[in-house]
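S.K.: Below, each chain spelled out in residue letters.
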Amino acid sequence: MSSMSTRHILLGLLASGPSHGYDLKRRHDERFPQARPLAYGQVYTTLQRLVRDGLAEVEGTESDGGPERTAYRTTEEGTRELTRWAAQIAPPAPFVTNEIFAKVVVSILSGGDPAAYLRAQRAAHMARMRELTAVKTAPGADLATVLSADYALNHLDADLRWMTTTAARLTTLTAEVDAA
Amino acid sequence: MTNGDTTEPLLAAHQLVKAHGRTPALRGASVELRAGEILAVTGASGSGKSTLLHCLAGIVRPDGGSVTYAGQRLDRLPEKRLSELRRTDFGVVFQFGQLIPELTALDNVALPLMLAGAGRAEARARAAEWLERFGVLGQEDLRPGEMSGGQAQRAALARALVTGPKAVFADEPTGALDSLAGEQVMTALAHTAREAGTAVLLVTHDAQVAAYADREIQLRDGVVAPAEVTA
Amino acid sequence: MSTVSSPAARSSVRSDARLARELLRGSDRREWWRIGLTAAGAALATGFALAAVVLASLRGGHDFSVGHGLLDAPGTRAGVVSGLLLLLVPVLGFLGQCARIGAVHRDRRLAGLRLAGATPWQVRRIAALETGLACLLGSAVTTVFSVLLLLRLWSRPSGAAWAGVALVAVGVPVLGALAGVLALRRVVASPLGRVRRVRPESGRGPRLLFLGALPVVAVTGTLAVAGTGTGSGGRDHWQGPLAVFGLVIAVGAGAVWLAGATARFVGGLLAVRARSAATLIAAARLYDDPWAPARTHAAVLLVTVTGTVFLCVRHALLTELRAMEHPAADMSYYTTGLDLTGAAILVALAITLSGLAVGTAESLATRRRTLAAQAAAGVPRTVLNRALLLETALPLAPALLLAGAGGLAVGTWYSALTGDASLPWAALLVAPGVYASCLLAAATALPLLSRSVRPGELRYA
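For the protein sequence lines, the chains are A, B and C, in the order given.
Just so we're aligned, residue 1 is where the first sequence starts under this note's numbering, counting upward by one.
Just so we're aligned, residue 181 is where the second sequence starts under this note's numbering, counting upward by one.
Just so we're aligned, residue 412 is where the third sequence starts under this note's numbering, counting upward by one.
Treat the hints with care, as some may be off.
[As the list claims (entries may be wrong)] Listed next, the stretches of chain A that the computed footprint assigns to chain B, with coverage defined by at least 3 CB atoms under 8 Å from CB atoms of chain B: (1) 46 to 57; (2) 66 to 77; (3) 173 to 180.
[What the hints assert, rightly or not] One-sided and incomplete, this derived list gives chain C residues near chain B with beta-carbon spacing under 7 Å: (4) Arg519; (5) Gly523; (6) Ala527; (7) Pro531; (8) Ala571; (9) Ala688; (10) Arg696; (11) Ala787.
FYI, nobody ran anything at the bench for these hints, they're computed from the structure.
Using N, Cα and C, we set each Cβ at its ideal position, and we do this for glycine too.
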């Protein structure tokens, strides 16, 4: 997820009421279990940018014994921005940055073994898919976990299909790359 | 994969060769199924997946090579013994066809128990327990054609597992289902097999289905493709 | 007709024929079985019909070298003609059973044609060509041999006889083609319809036919009896044949209804109480579709009733004849007539049994994937064999008991009318004998079962 949407996700978490940075990070990681966990520093800088842009403001500071903690809340403009963003469609894959494809082409260019690379990559993908399947079928897994695992599984599956067809057409691809 | 390779495999096939007419299906495939593991067999259409399953389950006799189950050579057993073994020690799940269309779900599941000598009432009672386990209770009096594909397939799982087999052979068990129904069938199969310590040989072309397994082998042109070291 | 349209029409028929041939060439082997058996059935039907027509064309007394004088007088000749026509009933049943062989494949093939853009008429023409040509083949073979035989027996056949022969030779293929079109009306109406599983028929048809025919029998029968009482002339002759016709329909439909109802009753009863796997499978199948074997079983019932009654009547007649000091004719005149009737009943039984065997084989062939999956799951071959035999044995046992009892009742009534009311022991054996031969006929499908359960069948979706 890009930092652009981290802004909006934090705004979304703030929509249910004022919250401080650590709390936001914990709730984020709970709600999006299969996403990359947020670093606390990232939460802090994002919150400051939100305040700078007038989308959030400081609610107050408290320190019951421990370190000082700042609570934030969303502003009216923040709520408007969140509504606008949530309704906006995500552009369907605007740029294809396919690392696997790049590696296959580079492997052909440098006289490597793209087939072996694809097989190893496939094995790694399958291993990750087994992990995700285990996570999603574990007893007591909540729906959010299942759905986010499914999202990842479907993307990995799409990669796998692509790798399978590519592996079957490597000879033609090699000829094409070498000719160019 | 996890429990080391030192344990004796439940079922081992060595250098299987099998042709359908003049078309070779298996050309020296070797595979081991360990007790309690779920093994996925994947590969393109026509790579010999189903034939491998048929040979391992003792449904088809290979032209060459050996299949060993619990110390006996399956490829040398007489058909009567094989049939008995399939009834008692193995279970099968196909894409469709394993439920008798005229029997209710309950009778379909009770059938293997009746064949094993159980009385009708006892068989039906135990069948009902298994249907409940697979979430098909309440529909036990429906026939396969009156159930949704997913329910029918879960009833088929119950039928395969009701006798407490050592190994279940599933050939594209979700092939005719949509992804949600397929997920329910696979979850039910994986859970029950792990709980009961049943080994599963799962033939599929779908990576998401294969991901339910502990381990995967790939068939390519009738032989097992060399395993890649996972990075 | 018009010179403009006829070449186009001819070329379209020719292209249809070519299409039909191409489709058949790539089709299932069982479709060839259907065509072969259809041709055989058509040959049989043509034979009976030709004999009936030629005999019916005769007027007055003749002197034949065959038949011990039975064919000489118009009265007994009429009896022989009706006997031959009645033999057409089991033949038609057999043809109906043959139409089911590979029907699923044929329907799928023709539905595919419809999906590919063929018009309903084209599909109808192709289907009609297929069945019609098979029937034409059968009828042509029989006609050729019959005509040769006819010319040997009768040096100068009359014009009426020739007309009848031509009518039958052409009529059988035309009727066959029409039946083919009729059987396809649902495929033609909806190209997707029959690709799915065929729903079991309901018993409403035969029941309505039975109940509808009863009043016809009652009314015409009463009229006919009243007619003979007053002794009026040719004006009232239609009532007798109509009563017989109604009776045939009522008895036939009643037999179908009885067969289906017994199958459903037995199936329902045993599906709940079955203790063995084989009984359970057989009973559930009977309960699910009791009407599938009803037509063949009905023919079995009719043959049983007829056979039992015949043996009683034969016994009574012979007893009476032997008691007579001076019979009106040579004893062999009567015995030949009786033997011919007996032979006709045996032929009917043979045709019915063939229909039963064909039906059993077809029911195996259509569910060979399920059977293969059962065998793969370890269901013993013996259980599958037993289930198959039980499917014939279970419903026929009570139905044949009823039929045998009914036949004996009629026979007893007849012999009570004519004489000493004694019964031949052989009449008691008809029902068990028919039962045993039915089981044997069903058992001829067992080799096909062991071929069906080959795991190779698991590979086809």
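S.K.: Evaluate each hint against the coordinates.
M.R.: Consistency of the hints with the structure:
For the stretch 46 to 57 of chain A, the proposed coverage by chain B is not satisfied: 0 residues have a C-beta within less than 8 Å of a C-beta in that chain, short of the threshold of three. Closer than 8 Å: that is the beta-carbon criterion, and the stretch 66 to 77 of chain A has 0 residues meeting it against chain B, so the requirement of 3 is violated. For the stretch 173 to 180 of chain A, the assignment as covered by chain B is violated, since 0 residues bring a beta-carbon within under 8 Å of that chain's beta-carbons and 3 are needed. For the restraint placing Arg519 (chain C) at the interface with chain B, the shortest Cβ-Cβ distance is roughly 17 Å, beyond the 7 Å limit, so the hint is violated.
At a threshold of 7 Å, the smallest CB-CB gap from Gly523 (chain C) to chain B is about 21 Å, leaving the interface hint violated. A cut of 7 Å between beta carbons decides the hint on Ala527 (chain C): the least distance to chain B is about 25 Å, and the hint is violated. Restraint check, Pro531 (chain C) versus chain B: the minimum CB separation of about 29 Å is more than 7 Å; hint violated. Residue-level restraint check for Ala571 (chain C) is violated (minimum Cβ-Cβ distance to chain B is 54 Å; threshold 7 Å).
The beta carbon of Ala688 (chain C) comes within 5 Å of a beta carbon in chain B, closer than 7 Å, and the hint placing it at the interface holds. Hint status for Arg696 (chain C) relative to chain B: holds, with the closest Cβ pair at about 5 Å, below 7 Å. Proximity of Ala787 (chain C) to chain B holds as hinted, the smallest CB-CB distance being about 5 Å (cut-off 7 Å).
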